[in-house]
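Enquirer: One-letter residues, chain by chain:
Protein chains: 2
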Amino acid sequence: MEGSGDNSSPGFTPLVVLELASDTKEEAIQWLLNRIEDSQQNGGAELLVKQLGPGVSAEEKENPNIFLVGSSRQRLLSGAEDVGLFKEFSDGSMRAFTCANKHNFRDFKGDGDSFFSMAECQYIVKHELDTLRAKDETHVPGHSQVKLYPGKSIIRRLQSKGILIQMFPLHEKEELKRLCFSWYKKVKFTFQPLDDIRHYFGEGQAFYFGFLEYFTFALLPMALIGLPYYLFDWEDYDKYVVFAVFNLVWCTVILELWKRCSASLAYRWGTLSRKRAFEEPRPGFHGILGFNPVTGREEPLYPTAKRHLRIYLVSLPFVLLCLYMSLYVMMIYFRMEGWALSIHSEEPTFWTEILLYIPSVIYAVVIEIMNLLYRYAAEFLTEWENHRLESSYQNHLVLKVLVFNFFNCFASLFYIAFIMHDMALLRQSLATLLLTSQILNQFMEAFLPYWLQRRRNKKMIHKLKRRRTLEDKELPLEEQVRLEASMSTYLGTFDDYLEQFLLFGYVSLFSCVYPLAAVLVVLNNITEVYSDAFKMCRVFKRPFSDPAANIGVWQLAFEAMSVIAVVTNFALIGMSPQVRAYFPESETHLILWTVAIEHGLLAFKFILCFLIPDVPKYIQIKLARLEFESLEALKKKVNW
Amino acid sequence: MEGSGDNSSPGFTPLVVLELASDTKEEAIQWLLNRIEDSQQNGGAELLVKQLGPGVSAEEKENPNIFLVGSSRQRLLSGAEDVGLFKEFSDGSMRAFTCANKHNFRDFKGDGDSFFSMAECQYIVKHELDTLRAKDETHVPGHSQVKLYPGKSIIRRLQSKGILIQMFPLHEKEELKRLCFSWYKKVKFTFQPLDDIRHYFGEGQAFYFGFLEYFTFALLPMALIGLPYYLFDWEDYDKYVVFAVFNLVWCTVILELWKRCSASLAYRWGTLSRKRAFEEPRPGFHGILGFNPVTGREEPLYPTAKRHLRIYLVSLPFVLLCLYMSLYVMMIYFRMEGWALSIHSEEPTFWTEILLYIPSVIYAVVIEIMNLLYRYAAEFLTEWENHRLESSYQNHLVLKVLVFNFFNCFASLFYIAFIMHDMALLRQSLATLLLTSQILNQFMEAFLPYWLQRRRNKKMIHKLKRRRTLEDKELPLEEQVRLEASMSTYLGTFDDYLEQFLLFGYVSLFSCVYPLAAVLVVLNNITEVYSDAFKMCRVFKRPFSDPAANIGVWQLAFEAMSVIAVVTNFALIGMSPQVRAYFPESETHLILWTVAIEHGLLAFKFILCFLIPDVPKYIQIKLARLEFESLEALKKKVNW
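Respectively, the protein sequence lines represent chains A and B.
13 is the number of the first residue of the first sequence in my numbering; add one for each residue after it.
13 is the number of the first residue of the second sequence in my numbering; add one for each residue after it.
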């Protein structure tokens, strides 16, 4: 271990922070640091590590086991090759970086000093740490209960056993300031600086903000067309039909166009044709030791049949039970609603008028609480299902949460629309639910964490002031790292996408009775961009970048919603009295026509999906050229 | 050019036949043969060529410009690497063959004499001939009108200019005899020898026969359940509903399971993970010379916008016009039908009873003729659309033909079912159409070509007998090649798949009124296997093998049909009087229930498609292992 406290030695840039439990044995720490610093030939990670010096408040109980990890420039270059990073080539195309070819990459100058962004460096360091594997150790020195298996990731083991508390990348103050300024500090009507966001936070984050922006712009036409319906009280169903059909086609078109948009972003960022590395088991995965049929390595195995039993015999019934409970709560809401109505009709005053809105608001709050509780249950259950891969875990979690959230948020609307047939109540409920959930979300997502963080921040500065006078407002590195370590951890884009998904549901499912929904969502999303940006920059720890090539399973979720929307909208249209008036003699004809048009529109949707290519032509050509070149190179190597 | 007529020289096995036009200039022939024999360093194909000696009937006007192409063993090995052939590795997995690694492949013995099947050799030779590119020649010597462009395929140019009449692989008499025997000579109830078929004809053919067999077995349960409906006259719609729902779910399941089946066949045959080589423009493609944005080579370019204009302004209206004409013919059929019925009802005799069936039979024949005519028009139009790639040409052709055939075959059934509401007539029409088209197909497909080929065969033997006495019935090579050259060319699996597609339509679209359809299709397919096998072995030239990994666009077509089937079946069920009896008070409820169940079933279908993995687990593991190993190998190469 090198001299601790000497954090500003030349050539050492702290990239990633490792915080070990304060009761970790000294020999375990020594062993871990040795492994991290050891050369690659010896199976080490060949990175640089320094212990963080004590903070100003060292007299208080504070964790001394915080380590900063950095890397030499040479190591970063070879690491970039390991992770298969794509960079811009001299001809403008994106190619996998290789050390042998480094001088042919566009921004490679001198010895490649500022070739990688800090986020890329941190991603490389994380990958190297994650793939630091146990050799012949049987357990962590000093912690005989923490077993190690040859060839398995040490860091993941330490993490799942609680010895490694957290591992996070450091913020860059200057960069962050610049990003904040161009992103949300000045109120302006330009696009977000997506390339800068990607540069600082990585592709996963940038995709979320890109999608948020795209989605908001895509909703603008709907909002503009919807506005006059509200302003001029167009209660005319003829017009609603036109609006609904436009909406449905538009939903399909925007989702298809997003795929193209997403492909060109992914191409620009070099993640489109990047190959996924072999996926390691997720940290929490456990099982009986055996040999992995793919790698041939010894690792815990868990029978698929057993997992299926858990999914179908426990998780599925649990989800169904939750759905039933959600229904039950809904029925209570309707009883409250009826009770409020009866009081109001008995003796209508100003207060009873307000009372009319109370059940909806309470119900909206209860829905949010139920969603939150269910979220924890779903995480627990999915964890218990013991999925081997992070991706499989994520898929099962998303599915569970999506189904429940969809049901919980929209069940009452479906009930009002198709059982009670009360369009006025539907419109009112829709508005209340939408507004309440928007307000709650903004509060829970940004203001609450911000307030907590500010308190922590102030306490730290206060503490500092007690010990020495602060010349500038810059915190010293020791305090800065401790401050960031105490920030909340950003849990990924899941909740953000989920929120957009539900908003999309409010817009599309009942678009023909409440054209104002799009306007509200657009307004919400404009503030959402700012609050999410603020949250990323100021409230949370910096997340590791995640080289995503698209928005993943959410594309599918949004498409499923747009299919469901076709069905609900046509059902509403078929039920409307104005449309019924066209078929005075026979209800059968009305329904048959509605169903026929609905089927036609569904077929049209699918054909449209086929007709619009997922990847723009110019990118297809560029990808084909790359593939052609590699084929030609291969051929030359073979023949001569 | 080596000594002609010396075809049986040691080491020369004729693989592929090139037939040039009889008026080809001698210098053009010399040039072509030189290019084929020239070494690869000089840009040649390094293959062996011999001219075919004159046949026994040399006195008659017969084409002397027939050449046999063979290859040295070494050249085949390097060619196999060029085309990326997959062979079985020593550990049982399928891997891309490389010369450096050749001794690690399972069946590689000595110098690799019988390592490749003859079909594989022929495929390699075809690939090498196809990729024989023009160097600095500006035109074919002796034919100044046939321009050549540097880097473009010579063979394709000669083919499109009519100098190369045909290029086909030779049959192997012994192999073929053995294959015929195990395939269709002995009547037996075992599976087809798919591996042998693939060995002789290649993967594309084997997939068709595999699908035919799978589909026939998959229809057996439907046939078995459908039979009692016919035998015991169960006119009960309750039972029909059960049958229809079973059918619809079953259709989805068998199509999904076929994907798995197909993946395991493709894995066994090494085409599953094989990469497609860069696709050259198809022979007929023309345009203004320019630079291909992908390859950077000079080649004809044709603007996409112009092609789109041709598709949307000419092809699409033409298809619509054809559909309208098909409707018109259908209306004539119904008038004939009415006329026959009126005659029969006026004075019913035995002859008028037969007369009742005449319009249906005529209509069925007319449908087949229209399909045939339309097919030519579609081919002409798609050719005229000037698609650059063979795959794009095929997709547009399949789409055009599918839509028209679907409409032409099923429009009358839809009309009877949903406009006339005459279930008895629907059943009768369905039966007549199905039977007539089956009989016509078998006749057109196998017996007619067989009869023509037999005549030709007899003439040849007769001719031989005139000149010398034949000791054994073996033809000498000269005659054998000329005989095969005169055989019809097999035009690919298109028509075979199309027939199965339409049969699938008859089974699934109206399954709830005619449960016997599945029985008829099963019976048809049992004879179809034999007649198709016979046709492949005896009637047609041997086709080049085609390394397919699945049945391609047909999987999609069958799936689309099964979705349409859900809609038609539920419409039929909703219309049935027995089901109506359940909702005596309100037709609306009946329809709503029908629509709701239909939507539920459609949703269930899609969920089922997601739940059943497309590739079986054991193959997923094997593929993952291969990928993991190549990643590991790459890592080792990088780090040390």
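FYI, nobody ran anything at the bench for these hints, they're computed from the structure.
Glycine included, each C-beta is placed from N, C-alpha and C at the ideal position.
There could be a bad hint or two in this list.
Unchecked claim - Computed beta-carbon distance windows for the label pairs: (1) A/203 x B/307: 27 to 37 Å; (2) A/159 x B/633: 19 to 29 Å; (3) A/203 x B/343: 22 to 32 Å; (4) A/203 x B/276: 40 to 50 Å; (5) B/318 x A/203: 51 to 61 Å.
Enquirer: Please go over all the hints and tell whether each is borne out by the structure.
Expert: Status of the hints after comparison with the structure:
| no. | hint | in the structure |
| --- | --- | --- |
| 1 | A/203 x B/307: 27 to 37 Å | holds (35 Å) |
| 2 | A/159 x B/633: 19 to 29 Å | holds (26 Å) |
| 3 | A/203 x B/343: 22 to 32 Å | violated (58 Å) |
| 4 | A/203 x B/276: 40 to 50 Å | holds (49 Å) |
| 5 | B/318 x A/203: 51 to 61 Å | violated (35 Å) |
The structure is inconsistent with the numbered hints 3 and 5, although it conforms to all the rest.
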